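A.B. asks: Residues per chain, in single letters:
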Amino acid sequence: MRSPRLDKNAARDDGSVNPLTYFLLALKASLFSTGGFGNIPSLHDDLLSRHWATERNFAEALAVGQISPGPNGLWIISLGYFLNGVPGALLSLAAIMIPPFLILGVEWLYHKTKHHPAVEGFVRGLALSTVGVFAVVLHRLLSDIGFNPRTLLICAASLAIGLTKKVPVVAVLLAAAAVGLIFR
Amino acid sequence: MKSEGSQPRPLTRIFSVWFRLGIQSFGGGVATLALIRRAAVDNERWVTDLEFTNYWAICQIAPGINLFALTILLGRKTGGALGIFAALAGLLFPSITITILMTAAYAKIRHAPATQAALHGVLPATIGLGLVATIQIVRPLAVVAHKEGFDTLLISALALVGSGAAIAIWHLPVIVALIGSAVLCALHAWIRTLRGTTAP
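Protein sequence lines, in the order shown, are assigned to chains A and B. No gaps in the numbering here: position 156 of the first sequence is 156 in my numbering, and each next residue is one more. No gaps in the numbering here: position 94 of the second sequence is 94 in my numbering, and each next residue is one more.
Bear in mind the hints are in silico, worked out from the structure with no lab data behind them. What you are looking at is a predicted structure, and each value in this text was computed from that prediction instead of being measured.
Not the full set, but computed from the structure, chain A residues with beta-carbon under 8 Å of chain B: (1) V64; (2) G132; (3) T151.
The beta carbon of each residue, even a glycine, is placed where N, CA and C say it ideally should be.
Kindly generate the complete structure, drawing on both the sequences and the hints.
C.D. replies: Written as structure tokens, this is what we have:
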């Protein structure tokens, strides 16, 4: 049984979300990335090309993920819910639960090869590339919201405040919501 | 100095400690990591300070969410295979439930004018905070590259900009960009060492 569609605006002209495919795409994205946000670019690519999610869905899921407790990586739970209700959220959960178990193998391997330069280089290359790709995705999300002075100002202010590490993320987001409500 | 972590802990204790961490961990990675460190090292004495630091370093190269990998290592240390599941269940049950409920609540009020107005503030802020995460990843890498010399700096810049260009301009699959950069940097680091040009 399908869960009710939650968002009439979400683009789904390509048909409905295939749960198994979604799970495999989410698993692939998490398996070949590190960190809670590392899986964004790959999923963004795969879901948008299938018209299963919109730029807006990603931005919304990221916002919910930042506000809710737990690791930031839980944003994908929110995305899964937008796609397919609670079953979608649980598929996201399964997809992000499996890859971290490889730490058990990594730990074993690391103790054998930790001083091999190629291992260090590989990890560094992965991190650098995640950043490069992520910057492109952030740019796309921003252009979907629309470049205007207010948007850019809020974005720049959050960046500056975030870099100080003095203000909790939730406080930054609440302040931004207040700005949005006051200056309509 | 050895921690008392060698003997197994009761599963209910493992679960309840992680459950409390799961509820308290508002504000993302860094805040959560500090909470876990306090619980694991200071309060519960599962691991020593140094063991914790080593665990966290290894978790940086594990696929997926680093905090989950850390939870898995600490869970195994305290209670073996069952400890892993007690720790993960404790951490995830509250945070997953709250995330789903918040998303459902949001989906209900998504089209209200006030929600839309608030979103016009929240969404750009989310992107600003995403940029913060990006800069925090790049900074230590840039320091290492700078120390190693011009060739590492060049290769690092190539990996970063090249992956962005690969998906933005040439529309390559993201995975190709990731693996490509990783292999490039691995080869470079290897060749560097073979030539004996490693910086002191």
